[in-house]
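Asker: Here are the chains, one letter per residue:
Protein chains: 2
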Amino acid sequence: MQTAALVQRFSRIYRDCPKLSKLLVVCSVGGVSLVTYSVATSSQQPEVLNKKKVVVLGTGWAATNFLKNLNDPSYDVRVVSPRNYFAFTPLLPSVTSGTVESRSITEPIRNIIRKKNVEMHYSEAECVKIDAKNKKVYCRSDMNKNSDGKEEFDMDYDYLVIAIGACVNTFNIPGVQEHTYFLKEVEDAQRLRKAVIESFEKASLPNLSDEERKKLLHFVIVGGGPTGVEFAAQLHDFVSSEAARLYPEVKNFVKITLVEATDHILNMFAKRITAFAEEKFKKDGIDVKTGSMVVKVSDKEITTKDAKTGEITSTPYGTVVWSTGIGIRLVIIDFMKDIGQGNRRVLATDEWLRVEGCDNVYAIGDTASISWRKVMDDIAAIFRKADKDNSGTLTVKEFQDVLADICERYPQVELYLKNKHMRGLVDLLKEEKGGDVKEPLEINIEEFKSALSKVDSQMKTLPPTAQVASQEGVYLANCFNRMAECEKNPEGPIRFRGEGRHRFHPFRYNHRGQFAPLGGEQTAAQLPGDWVSIGHVPQALWYSAYASMQVSWRTRTLVMSDWIRRFFFGRDSSQL
Amino acid sequence: MQTAALVQRFSRIYRDCPKLSKLLVVCSVGGVSLVTYSVATSSQQPEVLNKKKVVVLGTGWAATNFLKNLNDPSYDVRVVSPRNYFAFTPLLPSVTSGTVESRSITEPIRNIIRKKNVEMHYSEAECVKIDAKNKKVYCRSDMNKNSDGKEEFDMDYDYLVIAIGACVNTFNIPGVQEHTYFLKEVEDAQRLRKAVIESFEKASLPNLSDEERKKLLHFVIVGGGPTGVEFAAQLHDFVSSEAARLYPEVKNFVKITLVEATDHILNMFAKRITAFAEEKFKKDGIDVKTGSMVVKVSDKEITTKDAKTGEITSTPYGTVVWSTGIGIRLVIIDFMKDIGQGNRRVLATDEWLRVEGCDNVYAIGDTASISWRKVMDDIAAIFRKADKDNSGTLTVKEFQDVLADICERYPQVELYLKNKHMRGLVDLLKEEKGGDVKEPLEINIEEFKSALSKVDSQMKTLPPTAQVASQEGVYLANCFNRMAECEKNPEGPIRFRGEGRHRFHPFRYNHRGQFAPLGGEQTAAQLPGDWVSIGHVPQALWYSAYASMQVSWRTRTLVMSDWIRRFFFGRDSSQL
Chain S
1 MQTAALVQRF
11 SRIYRDCPKL
21 SKLLVVCSVG
31 GVSLVTYSVA
41 TSSQQPEVLN
51 KKKVVVLGTG
61 WAATNFLKNL
71 NDPSYDVRVV
81 SPRNYFAFTP
91 LLPSVTSGTV
101 ESRSITEPIR
111 NIIRKKNVEM
121 HYSEAECVKI
131 DAKNKKVYCR
141 SDMNKNSDGK
151 EEFDMDYDYL
161 VIAIGACVNT
171 FNIPGVQEHT
181 YFLKEVEDAQ
191 RLRKAVIESF
201 EKASLPNLSD
211 EERKKLLHFV
221 IVGGGPTGVE
231 FAAQLHDFVS
241 SEAARLYPEV
251 KNFVKITLVE
261 ATDHILNMFA
271 KRITAFAEEK
281 FKKDGIDVKT
291 GSMVVKVSDK
301 EITTKDAKTG
311 EITSTPYGTV
321 VWSTGIGIRL
331 VIIDFMKDIG
341 QGNRRVLATD
351 EWLRVEGCDN
361 VYAIGDTASI
371 SWRKVMDDIA
381 AIFRKADKDN
391 SGTLTVKEFQ
401 DVLADICERY
411 PQVELYLKNK
421 HMRGLVDLLK
431 EEKGGDVKEP
441 LEINIEEFKS
451 ALSKVDSQMK
461 TLPPTAQVAS
471 QEGVYLANCF
481 NRMAECEKNP
491 EGPIRFRGEG
501 RHRFHPFRYN
511 HRGQFAPLGG
521 EQTAAQLPGD
531 WVSIGHVPQA
541 LWYSAYASMQ
551 VSWRTRTLVM
561 SDWIRRFFFG
571 RDSSQL
Chain D
1 MQTAALVQRF
11 SRIYRDCPKL
21 SKLLVVCSVG
31 GVSLVTYSVA
41 TSSQQPEVLN
51 KKKVVVLGTG
61 WAATNFLKNL
71 NDPSYDVRVV
81 SPRNYFAFTP
91 LLPSVTSGTV
101 ESRSITEPIR
111 NIIRKKNVEM
121 HYSEAECVKI
131 DAKNKKVYCR
141 SDMNKNSDGK
151 EEFDMDYDYL
161 VIAIGACVNT
171 FNIPGVQEHT
181 YFLKEVEDAQ
191 RLRKAVIESF
201 EKASLPNLSD
211 EERKKLLHFV
221 IVGGGPTGVE
231 FAAQLHDFVS
241 SEAARLYPEV
251 KNFVKITLVE
261 ATDHILNMFA
271 KRITAFAEEK
281 FKKDGIDVKT
291 GSMVVKVSDK
301 EITTKDAKTG
311 EITSTPYGTV
321 VWSTGIGIRL
331 VIIDFMKDIG
341 QGNRRVLATD
351 EWLRVEGCDN
361 VYAIGDTASI
371 SWRKVMDDIA
381 AIFRKADKDN
391 SGTLTVKEFQ
401 DVLADICERY
411 PQVELYLKNK
421 HMRGLVDLLK
431 EEKGGDVKEP
441 LEINIEEFKS
451 ALSKVDSQMK
461 TLPPTAQVAS
471 QEGVYLANCF
481 NRMAECEKNP
491 EGPIRFRGEG
501 RHRFHPFRYN
511 HRGQFAPLGG
521 EQTAAQLPGD
531 WVSIGHVPQA
541 LWYSAYASMQ
551 VSWRTRTLVM
561 SDWIRRFFFG
571 RDSSQL
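Protein sequences appear in the order of chains S and D. Going by the UniProt record's numbering, the first sequence opens with residue 1, and the numbers climb by one from there. Going by the UniProt record's numbering, the second sequence opens with residue 1, and the numbers climb by one from there.
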């Protein structure tokens, strides 16, 4: 045992600090064979036969946070993703304008998993089929060179974590896939950056008419969400600083149009922010076309339809950026059909992030949506469980006993009470009984139903944001870490439709606020408690929040040095 | 006049420091209209009708140094290049391994030319035809999107500077163009970096045999020049540090082979350096195959032929990097045919970098090669010119009078004397006359010929390096700057075949030494005077030389911060 421990320690030192151990090798003549042995074995960890095999699909926000937080060494984790790095996607609009470099916002997934005490292996491949019946996933490596037909392989799992994100939703509008630029992946941002510079170079060629220059420098952004708005702002900043300096002869031909189907841009934000953003864009000369739906994109023109008048307009463009929303990936559509979710619009999980209708399959991030249970569906079961003495009526005492469990299981109850400014469910019941309440308060099932009838209106689907995805990843990792422990001592709420308690607390999203950078070093921030702030202070907050949220010290340093670099040297306009 | 000067000053301040001038605008209410006027006119410089139009093709070392050093405002300069940036090519091998980022070694050409007092315009296009007869170049923009058939345009010139560099020479070996990676442009380095990471990812997939992993991780570098050697060294460094950490399960399958057709790698360096490099690579496990010529590259195998035995070997490979030498671009081949240089191997210029057989066309950098004049071709003319009294013999006095001019016009004379350890030509003449020299020394033409007969053996073509290209660019810019002045007061050597003096001193290359980084923070340096040094000291020298040679403070800062970043965080292995 002593020798084995020594070997292990040596092996760890060697992995962590190869230079030091090389020195050790030279110095300690007697230990040479020992160290050699440890080095030879260090890469092959002893196989524990009963390790549960966890297959994780994806390397985005959800998957990476799951992997970072998983620390129970009894799992054997296989990560499969076509992207061998994690990307800090909220900075993608900054990459398009060259404010931040693409490599500054990426961290190789191998760097993240190799530091773990859990056995983790990564394969660069795309999952093409999930076979939940046989607990298998089929993967394909999309590297076509020198493939020898060996691109496909399959993997067994005990637990499957699906975190492959979503794809761009083109709404099947003709020409979108072919002629527009997306802003979903790092490569998209690189392509878009190149396209912007190319537009300026092309417009500067000597043989063009002014009309052609105008067309080339017409940038259309479709989608007034945070990404589209931030890209428009970044583009405007680039145009008014670097481009104005480097392309003075064509800067006056630039036009930026932001097309939004609804009545306002940034409509998930407070009205004050929306109004400020629209006003600022107007001042900046960005043409905001709200209530305008894109119906077609050809290679030269983009066609929109006014939502009110129905009027169809075609405008020549140079570059169209498509940033409207997300759609489901093909592999998920097939999977949903297989597991009986074929008629749903998005893959559904329960509050524990388990895919409905599937054992041991979890889905986190943009891939899935939590399908919250309605109180009204379970109302009879809840009443029965609370009514311990089977009297047909609930006393306040009986009610208090299950109150916490109800609130935990159905978060909409808490939200409803909060909106009604009530301290607890008892207030709600009292209101139901009318002003004159005789103590002890008792209510029957009909009154109970009536009191809770409007609660479900507060149910919300979570937005497809990095924040939600990462919280889901952390939550699921913690569940996995305490799987064995919670199996014995369940810690979740009472099972209303069964015996005992749920193993875990359900997932609860904790909204930490949202930023909308508007260019010119101004940002709108909406923080929890609907605290709204706009201007330079939230911009500073944005800088510090985004720096602190970086996944590694490497990316943190790089992103910050990119900001400093931009301050001193501006954005780079090399067409790379 | 006063107002005009004020306007100009305002305009300059505005361009140099927009923020300050914005403040000024706000403060000085009275000056608003003045400033507005100046801003409006600042981008449209007054047209000087008699400005000579200089068209510069290229944005590489030669062109950029020409543009940076040109400062006579009487020229109107048009720059045409498909690459809108200057790239610090000696760092390309560093880009392939991620030691330095690609954007850190590029500087937008517009950034360089906008700071000039000379009117300069840039067009992103490729020159497809040079019509020297009509003083016109035809250009094509290769941006195909939204082109409307307007990709072609032409440009008139008074002076043409060709600096488009060379292309990769595949020697028409089958499969090279299709299956190998080049290391000529920044995009090549990016592609190669991606390919290296892809090889490691691919080899780490679960379903491969060891044989397949070995094949995928077999990197073959063809060409043992400084670029090939540096790439091999960088790749080895990457494999033994980052790859060993991130891909522990496949690191033992890696093999690096360096194929060189001649007997030694780095054969332009001193023997000591070659020997050290070969020894170091042997220790590092890099397989150096000298005397081995590539005859074919298929999609799976590379076939070589042993120069001595004639034996043919085929080896499976994952990645082949082609770094053997340079060839002529198509547009130059056509141009050479047009101007009667069709039977030459490379575009020839005279010592003033003027293309032979063409008026007002200059060629600098790798595009052309200086065709030095032979002393023996001009020997009769030289003798005639020196023999001022037409006596048929040369006295020492007569000889001394033209000595400097001969040495300047025929640099091989100086080199020859240096190699023979003679102080001057007089020593050479004395030697020719034998030991017993009677004063005053006089020699006839036959003796003169005989003395100089071996001088031409010292003629050297300049290597296609960044150093030569940039010195040619600087030289030519200085000629352009003093064109008018030197027209009146020629400063060059005596015209032996004509009257008066040449306008300019001929171009003279000043070799400042050469580095060959060998990996592991070791570099071989060969400095002027054949001072050779190998190890960590030249590596430090390499760092400081390459930092100081950067074209802007921006790239200097970025390159240095990349080095620091690599020191702390290693190289990034995201497949981007």
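It should be emphasised that the hints constitute simulated quantities derived from the structure, not laboratory data. Cβ atoms here follow ideal geometry from the backbone N, Cα and C, with glycine treated the same way. Each hint should be verified, as a subset may be incorrect.
Unchecked claim - Covered stretches of chain D, going by a simulated chain S footprint (3 or more residues, C-beta under 8 Å):
| hint | stretch |
| --- | --- |
| 1 | 83-90 |
| 2 | 202-214 |
| 3 | 256-263 |
| 4 | 285-294 |
| 5 | 494-507 |
| 6 | 534-544 |
Asker: Do at least three Cβ atoms from the stretch 202-214 of chain D come closer than 8 Å to Cβ atoms of chain S?
Answerer: holds (count 7)
Asker: Residue count check for the stretch 494-507 of chain D against chain S: does it reach three with CB-CB under 8 Å?
Answerer: Check failed, 0 qualifying residues.
Asker: Can you confirm whether chain S covers the stretch 83-90 of chain D, using C-beta to C-beta distances below 8 Å and requiring at least three such residues?
Answerer: holds (count 3)
Asker: Please verify the coverage claim for the stretch 285-294 of chain D: does it have three or more residues whose C-beta sits within 8 Å of some C-beta in chain S?
Answerer: violated (count 0)
Asker: Counting residues of the stretch 534-544 of chain D that have a beta-carbon nearer than 8 Å to any beta-carbon of chain S, does the count reach 3?
Answerer: Contact hint for the stretch 534-544 of chain D vs chain S: violated, 0 residues under 8 Å.
Asker: Check whether three or more residues of the stretch 256-263 of chain D sit with their beta carbon closer than 8 Å to a beta carbon of chain S.
Answerer: violated (count 0)
Of the numbered hints given earlier, the model fails hints 3, 4, 5, 6; all others are met.
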